[in-house]
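Trainee: Go ahead and model the full structure; you've got the sequences and the hints to work with.
Here the protein sequences come in this chain order: A and B. Numbering-wise (our numbering), the first sequence opens with residue 1 and increments by one. Numbering-wise (our numbering), the second sequence opens with residue 1 and increments by one.
By construction, these hints were calculated from the structure, which means they are not laboratory data. Glycine is no exception: its CB is placed at the ideal position from the N, C-alpha and C atoms. Since no wrong hints were added, every one of them can be taken at face value.
Some residues of chain B that are not near chain A, with every Cβ distance over 10 Å (derived):
1) Glu65
2) Glu286
3) Trp311
4) Ser330
5) Asn338
6) Tyr350
Partial list, derived from the structure: chain B residues whose beta carbon lies under 10 Å from chain A:
7) Arg101
8) Arg110
9) Leu484
Restraint ranges, calculated between C-beta atoms of paired labels, are given here:
10) A:Ala168 / B:Asp392: 23 to 31 Å
11) A:Pro40 / B:Pro108: 15 to 23 Å
12) A:Gln28 / B:Val403: 52 to 60 Å
13) B:Gly96 / A:Pro75: 20 to 28 Å
14) A:His130 / B:Ile400: 34 to 42 Å
15) B:Val403 / A:Pro120: 50 to 58 Å
16) A:His27 / B:Val372: 47 to 55 Å
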Amino acid sequence: MLRSDSPSVVGDNGVRPLGWVTTIKPHQRVCTPLGSASSPPDAIRVTVGVAGAGAQPLALTFPGSSERSVLRDYPDGPVELRIPDHVAAGTACIGNRGHSGVYIAGEGLAGSTLHGEEQPFMVSYILVSHHPPSWSSVLGRVLRHVGQARAGAGGSATGWIVLALAVAMVATAVGAAARWAR
Amino acid sequence: MEAQPVHPAGQRRRRLRLPQDPVRRVVLAVFVVALANGLLWSLLTPPFEVPDETAHIAYAQHLAETGRRAGETGHPEYSDEQAAVMNAMAVQSIVGHPLQRTPPAGGPDRSADAAIQQATRTASRSNGGGPSTASSQPPLYYALAAIPYRMFSWASLPVRLEAMRVLSAVLFALSAALAAWLVAELLPGRSWAALVGGLAVGLSPYAAFVGSGVTPDVLLLLIGTATLLIAVRAIRHGLTTRRAVALGLAVGAGAMTKLTFLPFVPVALLVFVVLLWRDRAALRAERRGMPGVIAAGVAAGVVLPALFVLWVGLIGMPIMQAGTSTPSLSPDQIHVSNTREFASYTWQLYLPRLWFMTELFGGRITPDIAWVQGFAGRLGWLDYDVAPRVIDVFRRVIEIGIVLIVAAAIQWRHALWRNRLALAALAAFSLALMLVISKAGYDFRRTTGTAFEQPRYLLPIAGVWALGVAFACLGLGRRLAPVLAIVVVGLLCLHDLAGILATLARYYA
Numbered sequence: 001m002l003r004s005d006s007p008s009v010v011g012d013n014g015v016r017p018l019g020w021v022t023t024i025k026p027h028q029r030v031c032t033p034l035g036s037a038s039s040p041p042d043a044i045r046v047t048v049g050v051a052g053a054g055a056q057p058l059a060l061t062f063p064g065s066s067e068r069s070v071l072r073d074y075p076d077g078p079v080e081l082r083i084p085d086h087v088a089a090g091t092a093c094i095g096n097r098g099h100s101g102v103y104i105a106g107e108g109l110a111g112s113t114l115h116g117e118e119q120p121f122m123v124s125y126i127l128v129s130h131h132p133p134s135w136s137s138v139l140g141r142v143l144r145h146v147g148q149a150r151a152g153a154g155g156s157a158t159g160w161i162v163l164a165l166a167v168a169m170v171a172t173a174v175g176a177a178a179r180w181a182r
Numbered sequence: 001m002e003a004q005p006v007h008p009a010g011q012r013r014r015r016l017r018l019p020q021d022p023v024r025r026v027v028l029a030v031f032v033v034a035l036a037n038g039l040l041w042s043l044l045t046p047p048f049e050v051p052d053e054t055a056h057i058a059y060a061q062h063l064a065e066t067g068r069r070a071g072e073t074g075h076p077e078y079s080d081e082q083a084a085v086m087n088a089m090a091v092q093s094i095v096g097h098p099l100q101r102t103p104p105a106g107g108p109d110r111s112a113d114a115a116i117q118q119a120t121r122t123a124s125r126s127n128g129g130g131p132s133t134a135s136s137q138p139p140l141y142y143a144l145a146a147i148p149y150r151m152f153s154w155a156s157l158p159v160r161l162e163a164m165r166v167l168s169a170v171l172f173a174l175s176a177a178l179a180a181w182l183v184a185e186l187l188p189g190r191s192w193a194a195l196v197g198g199l200a201v202g203l204s205p206y207a208a209f210v211g212s213g214v215t216p217d218v219l220l221l222l223i224g225t226a227t228l229l230i231a232v233r234a235i236r237h238g239l240t241t242r243r244a245v246a247l248g249l250a251v252g253a254g255a256m257t258k259l260t261f262l263p264f265v266p267v268a269l270l271v272f273v274v275l276l277w278r279d280r281a282a283l284r285a286e287r288r289g290m291p292g293v294i295a296a297g298v299a300a301g302v303v304l305p306a307l308f309v310l311w312v313g314l315i316g317m318p319i320m321q322a323g324t325s326t327p328s329l330s331p332d333q334i335h336v337s338n339t340r341e342f343a344s345y346t347w348q349l350y351l352p353r354l355w356f357m358t359e360l361f362g363g364r365i366t367p368d369i370a371w372v373q374g375f376a377g378r379l380g381w382l383d384y385d386v387a388p389r390v391i392d393v394f395r396r397v398i399e400i401g402i403v404l405i406v407a408a409a410i411q412w413r414h415a416l417w418r419n420r421l422a423l424a425a426l427a428a429f430s431l432a433l434m435l436v437i438s439k440a441g442y443d444f445r446r447t448t449g450t451a452f453e454q455p456r457y458l459l460p461i462a463g464v465w466a467l468g469v470a471f472a473c474l475g476l477g478r479r480l481a482p483v484l485a486i487v488v489v490g491l492l493c494l495h496d497l498a499g500i501l502a503t504l505a506r507y508y509a
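Mentor: Now the structure itself:
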C-alpha cells in the first residue's frame with residue numbers, strides 16, 4: 001500500500017516464517033488462527049517446501065464452512081492460498097491432499113493445532129489483498145494513528161505535524177537550492 | 001533632549017538578523033532543514049524503535065535518576081517504569097516483527113495510555129541500570145540526555161523520551177550544518193556545494209532516523225564531523241591555540257561518547273603532531289609559544305576523560321563497565337582467526353570481491369548489503385526497508401556518483417594536490433574507523449555467526465560523504481555542477497520522503 005514491496009499485505013497472525021516448523025503429512029490438516037487485517041484479505045501467504053518431491057495439492061479450509069480452495073502447482077517458498085468468498089476471520093486449516101509431506105514455515109510458539117491438539121509451533125500466515133485500499137482512503141487514518149498510545153507524547157495531530165514538517169522541510173530545501181545553486 | 005524610546009521588538013529584530021556571509025547563510029539553511037527532518041523523524045518513529053534505543057533509554061534514565069552509570073550487577077536492565085511502558089506499547093512484539101503495528105485506535109491505544117500513566121505514578125524509575133548492550137559505553141551522551149529527561153521528570157516516560165529525542169534532533173541538525181561548513185572549507189566560493197553536501201547528511205532518511213533517536217550515535221555523528229572540520233581548518237589556516245583546544249575537546253568528547261570513536265584518537269594526534277611541526281615558526285611567535293599550544297591541546301583532550309575517571313571513582317564504579325553480548329558459538333564451531341582471512345574480509349566489506357578471494361561467511365559480506373542497502377534505508381531494528389525500487393535507484397545514483405567523482409578528480413587534480421594534507425587527514429580518519437569496524441565485524445562473525453556491521457558505525461565520517469556528494473557534482477564541469485546540485489537536492493528530498501512513507505507503512509498502516 002505505502003511500500004511497493006508489500007503492496008497487498010493487509011495483515012498477519014503475528015508469526016514470522018523463520019524456519020520449517022512441521023511437515024504436513026498426506027491427509028493431515030494443520031489449523032492456525034488467521035490473525036487480523038486492516039482490510040478484507042483475498043489470500044493467505046505461507047512459506048512451504050516440498051524437498052524435491054514436487055508440489056502436493058494443498059487445501060485451505062475453514063472449520064464450520066464448506067468453502068475451500070486448492071493450490072496445485074507451486075514452487076518452494078512463499079505461496080498464496082486463495083481465501084474463498086464470504087470467509088474473513090477465525091481459524092484457517094491447510095490440508096495436504098498429496099502423497100508426500102510438505103514443509104511449512106512459522107515459529108516455535110504454541111498456537112497451531114493438529115487433529116484438535118495444540119502443537120508446539122505456529123504456522124506463519126500473511127494476509128494479502130489483491131485490491132488494497134488506495135492511498136487517499138487510508139492516509140487520514142494512518143496519520144491519526146501516528147501519535148496514539150504515547151500517553152501525552154503524541155495525539156491524533158502528531159501525524160499531521162509530521163506532514164507539516166515534511167512540507168516545510170522540502171520547501172526550505174528546494175528554496176535554498178533555487179537560491180544558492182547558481 | 002528627549003530620551004529615545006526603547007523598542008524591544010526592534011532590538012529583537014536586529015538580534016535575529018540573518019548572517020550576511022553566504023557560507024553562514026547556507027550553513028543556517030542546512031541546519032533549519034535538518035532540524036525539521038530530525039524533529040519529523042523523532043515524532044514519526046515510535047518510542048523504542050531505533051536500534052538499541054531500549055538500552056540507551058535505560059542508561060539515560062538510570063543516570064538521570066541515580067547519578068550513576070548503567071551496568072550495575074544485580075540490577076535488571078530496565079526500571080519497573082520502563083518495563084511497564086514497553087509492555088503497554090507492545091514493544092517486544094513489534095521489534096523484529098515487520099508486520100506488527102503499534103497499538104491502534106479504538107481501545108488498545110487507550111489501554112496503553114492508561115497503563116503508561118499508571119506506571120508513571122507508581123512504578124520505580126531507579127531500579128534499572130543493569131548490564132545491557134549500552135552499559136559498556138562511556139556516559140557523555142547519556143549525561144546530556146539526562147538534562148531534558150530531568151526537565152520533564154513530571155511527565156510520562158514517552159514524553160521524557162520525546163524530550164531526549166528533541167535533543168538528538170538538534171545534535172543531528174548541528175552535524176549536518178558542520179558537514180556543510182566542512183564542504184565550504186574545501187570547496188570555497190561555491191555555496192551550492194556546501195548546500196548539497198550538508199543536505200546529503202541532513203536529508204538522509206537513515207541518518208535522520210538514527211539521529212533523531214535516543215542513541216549516542218547522534219553525538220558521535222556530531223563530534224566526528226566536528227573533528228574532521230577542526231582538523232581541516234587547522235590544516236588549511238594553521239594551528240592556533242584555539243584550534244588545538246577545539247581539536248582536543250572534540251577528541252576527548254568523542255572518546256567519552258562511544259568506543260567506536262577511539263580510532264579517531266591516534267589520527268587526531270598524528271594530525272596535531274604534523275601541524276606542530278609544519279607551523280612551528282608561527283607557533284613560536286604566538287604569545288604562549290609552542291609549549292603553550294601543546295599544553296592547551298593536550299589539556300583540552302584529557303579534561304573530559306579526567307572528569308569521567310573522577311566521577312566513576314567518586315561513585316565507586318569501574319572505568320570499564322560490564323555489558324551484554326550476543327551468545328557465542330560453541331568452541332568447535334569457532335574457526336581460528338588469521339591475518340590473511342581478516343585482510344580478505346576487510347576488502348570484501350568495503351570493495352567488490354576479487355577473483356582470487358574466497359567468498360566468506362556464505363557470501364553475506366558485500367559492500368552492497370552492508371552499506372548501500374543500509375544507507376538507502378534499512379530502518380527500525382533492521383526489520384524494514386524503503387521500497388526495493390528506491391534501493392535500486394539509490395544504488396544507481398551511487399554508481400553514477402563514483403564515475404562523476406573520478407571525472408571531477410581528473411578535472412580538479414591541481415586543486416586536490418593543493419589540499420593533499422587535508423584530504424590525507426580525511427582519508428586517515430576514514431580508514432582508521434573502517435579498519436576498526438572490519439576487525440570488530442570479523443571477530444564477531446567468527447565467534448557468533450551473525451552480522452555486526454551497521455551503517456550507523458560510519459556516521460562519524462558523514463562529513464566525507466557530504467564532501468563526496470558535493471565533489472561529484474563538479475564531475476559535470478563548472479557550469480553544470482550547480483544544475484546537478486539542484487537535481488541532487490530534489491533526489492535527496494524524494495529519498496527522505498520514501499523513508500517516511502516506509503515508516504508510516506511499517507508502524508501505522
